[in-house]
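Participant: My request is simple: use the sequences and hints to build the entire structure.
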Amino acid sequence: MSQLYYRRTDSSSYRDRIPLRIVRSESELSSLEKAYLGTVEKGDYGSVKQALEAEIYFKININCIDPLGRTALLIAIENENLEIIELLLSFNVYVGDALLHAIRKEVVGAVELLLNHKKSSGGMQVRGGRGVDSSKKWLGLKFVLFRAVFSDFTPDITPIILAAHTNNYEIIKLLVQKGVAVPQPHEVRCNCVECVSSSDVDSLRHSRSRLNIYRALSSPSLIALSSEDPFLTAFRLSWELQELSKVRFDQEGGLIY
12 MSQLYYRRTD SSSYRDRIPL RIVRSESELS SLEKAYLGTV EKGDYGSVKQ
62 ALEAEIYFKI NINCIDPLGR TALLIAIENE NLEIIELLLS FNVYVGDALL
112 HAIRKEVVGA VELLLNHKKS SGGMQVRGGR GVDSSKKWLG LKFVLFRAVF
162 SDFTPDITPI ILAAHTNNYE IIKLLVQKGV AVPQPHEVRC NCVECVSSSD
212 VDSLRHSRSR LNIYRALSSP SLIALSSEDP FLTAFRLSWE LQELSKVRFD
262 QEGGLIY
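For the sequence shown, the tail end lands on 268 under my numbering, and the numbers increase by one without skipping.
Hints should not be assumed to be uniformly reliable.
[Said to hold, decoys possible] The list that follows gives simulated cross-link-like pairs (lysine-lysine, DSS-like), each with its CA atoms no further than 25 Å apart:
| no. | residue 1 | residue 2 |
| --- | --- | --- |
| 1 | 70 | 60 |
| 2 | 53 | 70 |
| 3 | 184 | 116 |
| 4 | 70 | 45 |
| 5 | 116 | 53 |
| 6 | 60 | 45 |
FYI, nobody ran anything at the bench for these hints, they're computed from the structure.
The model shown is predicted, which means the values in this text are computed figures rather than measured ones.
Facilitator: Structural data, given as structure tokens:
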């Protein structure tokens with residue numbers, strides 16, 4: 012079958028080829044920004060600090076991203092370099108969904124640093140805490156919008172839900188101590204404004220959101236940490252999921268959860 016598909020003919024040598032082109036341009040990095048991200052990758056504390064301190068004079072965007080879409084903070088998280096993470100946070104780099112990345116990578120130290128990080132008093136964190144010119148603020152704003160649109164996580168994935176999915180006891184404990192909460196799943200045929208609106212906009216995402224919540228609630232570590240009677244909680248959740256498993260299709264024949 013594959014030989015038939017890729018067979019060439021003299022009359023049309025390009026008929027069975029799929030033309031390719033780059034549709035998403037990579038962000039242009041200056042030589043200094045490339046060096047900055049490189050020092051973060053290598054874990055060179057002194058060079059990273061020097062670049063952060065001199066970013067105003069050299070006009071380096073400390074929130075720049077590499078071709079893989081990673082900021083300096085995400086690179087440091089991937090390398091589990093807590094010293095670099097703490098240094099970057101002290102210069103108020105844009106955090107974005109770094110906490111979710113740290114939870115997914117199960118870097119407990121990074122999660123703790125991010126949870127304890129105090130945001131600057133300037134509202135939305137666009138650039139560093141020092142004064143910058145309007146052009147640099149615009150670069151930061153474009154970065155914020157880019158991350159909001161191209162996030163690796165859907166809006167329903169909160170830190171506690173993702174931590175419960177990984178079933179990492181230490182991370183779940185850190186989040187529970189911060190007073191986080193898991194959304195209460197509504198009934199399958201709930202007619203509240205939130206459920207109706209969510210289902211109308213994207214029924215598949217609405218269903219996946221419910222599944223993500225139940226998957227989080229089924230985490231043994233979360234049950235052990237947050238339930239006074241873990242065994243009773245596990246049995247009740249099992250009964251509830253058993254009842255939900257019987258409901259597969261609605262009256263119109265579409266999947267519901």
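Participant: Hint by hint, note whether the structure agrees.
Facilitator: Each hint tested on the structure:
no.	hint	verdict
1	70 x 60	holds (15 Å)
2	53 x 70	holds (22 Å)
3	184 x 116	holds (16 Å)
4	70 x 45	holds (13 Å)
5	116 x 53	holds (19 Å)
6	60 x 45	holds (15 Å)
Violated hints are absent here; each numbered hint is respected by the structure.
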